[in-house]
Amino acid sequence: MRMTRSLAVLLALLLFAATAFAEEKRWVSSEGTTLKSEASATSENVADIKVGTEVTVIESGGRWLKVRTSAGKEGWVYAGRVSDTPPAGEVTGDGGLFGATLQQSQINTAKADSARSIRGLSPGTAQYAKDRGTPEMYKKSLDIVLARKVSAKELKAFLKEGHIGEYAQVQGGKK
Amino acid sequence: MRNLLFFVVIALSVSSSPASAGFLDNLLKPDSKEGRILSGATQVISSSKEIDYQTERTIGESLALEGLQRFGNPVKNESLQRYVNLVGAAVAANSKRATIPYQFAVLDSPVQNAFAVPGGVVFVSRALVSILDDEAELAAVLAHEVGHVSAKHALKSTQRAQLFQGVGTITAASVGGKKGKQFASTINDMQGVLFDKGLDKEMEFEADLAAMESTYRTGYDPSAMIRVLEKLQKLEASSKDKKGSWFSTHPPLAERIARLKSQLHKYPDYAAQASVRERFAQHAIVNK
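Protein chains in written order, with our numbering: chain A, 1 to 175; chain B, 1001 to 1288.
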């Protein structure tokens, strides 16, 4: 009886600890997220962190959060780049092996697709266009649309130039 | 139980991935034996919420081709197209589905409209761009469309598209020839939803909220989404022909605006976020 009660107390404590712990978790949800040495986009880079990475919040300072990764790296991250739930991404799995594997394979597919898009329409679409007799002009137009890409570097420069988000000026960022 | 599910899914994907002609043929017929099996199996597969990304992309690109023919080719202004891609990429990186590639284009259309096809291609008409005043408003429109792609709204809107769940990658071979008819019917159904009927009302609200969320997370003023809808509301009052515009394919603007305003309290510092009026004025030069 006493044993059962101790076990119940222990279980309750564990549950409480797990809940308290869970509240401090955040997940990286934006592509191109970097851990910074200070709460500023111009501070030094500590590490690049991938979408889906779980981090623990240590300190909060306005729109910047000080976090620790499971690998033990600490640094500041712009609050807009993390969310309090794991990113839905391609799979809304619970982060188990099944979910993680599927998500990774989807990311790989997306990457492969990204590389492929230089060559234009996917083979299935090309076949569809052939069967439908889609005028060449529209195929070419879509080819050009699909070939446009924005690199992480270009995106950062663009946000910086516009003083957007983590690149906002201290007094507000309204421009 | 979970292991069992895992094996069922694996078994299904293994058995369906080779493009064995007869199987795939029949799979696309809802009344065939395979079709009936699939309709039962869909329950299992949809629990993983997956339709092969390449298939989604093929469906999306095919729809994009139809969209171009209906609304017009992209505007020939590389600086504008590049700019729209940068704004779009910024909000897409902060969307619920940041891991797929997105492309954005302004179409030479006189109707105020924007639409997205599965897989991540987003179109906005020059007429819609012409009524916007700053980058945050453009970001809101693009983020709304990214929201539809993220939540796979178009795919969820047609019964036929569900048949592509778990059948492996749709290839040129499976799109071509007789099988192409099934594929073409799917594209046709989806055109009806995207271009004529419009997506479900709740999906529009969901995309509006997603737009506020991802613009805010990027650092743009999230109330820009409300401003865009208010502009459309003014236009709607004076416009006779609403066919094909955001007025006709979307739920009542007053309701959308009211719902968004009720959520603005989530972003107490919204007014301090970026609008970027000058850069928008430099790049977004379009005919009305």
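None of these hints come from the bench; they were simulated from the model.
For each residue, glycine too, the CB sits at the ideal point set by N, CA and C.
You may find that some hints are simply not true.
Said to hold, decoys possible - Ranges of calculated distance between the beta carbons of each label pair, as one might list FRET restraints: (1) S1262(B) with K130(A): 48 to 56 Å; (2) S1262(B) with S40(A): 29 to 37 Å; (3) Q1159(B) with A71(A): 44 to 52 Å; (4) K73(A) with A1237(B): 50 to 58 Å; (5) E161(A) with A1271(B): 19 to 27 Å; (6) R68(A) with D1189(B): 45 to 53 Å.
Said to hold, decoys possible - Residues of chain A placed beyond 10 Å of chain B at every Cβ, according to the derived structure: (7) E24; (8) S29; (9) G32; (10) T34; (11) E38; (12) V46; (13) E54; (14) G61; (15) T69; (16) E74; (17) K139; (18) S141; (19) K149; (20) L159; (21) A168.
What the hints assert, rightly or not - Now the stretches of chain B that chain A is said to cover, found in silico as 3 or more residues with beta-carbon under 8 Å: (22) 1076–1085; (23) 1091–1102; (24) 1194–1206.
Hint-by-hint comparison with the structure:
1. S1262(B) with K130(A): 48 to 56 Å: At 49 Å between Cβs, range holds.
2. S1262(B) with S40(A): 29 to 37 Å: holds (34 Å)
3. Q1159(B) with A71(A): 44 to 52 Å: With Cβ atoms ~46 Å apart, the hint holds.
4. K73(A) with A1237(B): 50 to 58 Å: At roughly 55 Å between Cβ atoms, A1237(B) and K73(A) fall inside 50 to 58 Å, so the hint holds.
5. E161(A) with A1271(B): 19 to 27 Å: holds (22 Å)
6. R68(A) with D1189(B): 45 to 53 Å: The hint (45 to 53 Å, Cβ to Cβ) holds, given that R68(A) and D1189(B) are roughly 49 Å apart.
7. E24: holds (20 Å)
8. S29: violated (7 Å)
9. G32: violated (6 Å)
10. T34: holds (12 Å)
11. E38: holds (18 Å)
12. V46: Non-interface label stands for V46(A): nearest chain B Cβ at 20 Å, farther than 10 Å.
13. E54: holds (16 Å)
14. G61: holds (14 Å)
15. T69: holds (18 Å)
16. E74: holds (22 Å)
17. K139: violated (7 Å)
18. S141: violated (5 Å)
19. K149: Since the minimum Cβ distance to chain B is about 7 Å, K149(A) lies within 10 Å and the statement is violated.
20. L159: Given a closest Cβ separation of 6 Å, the condition is violated.
21. A168: violated (6 Å)
22. 1076–1085: Contact hint for the stretch 1076–1085 of chain B vs chain A: holds, 3 residues under 8 Å.
23. 1091–1102: This one holds; 8 residues, not fewer than the three required, reach chain A with a Cβ under 8 Å.
24. 1194–1206: violated (count 0)
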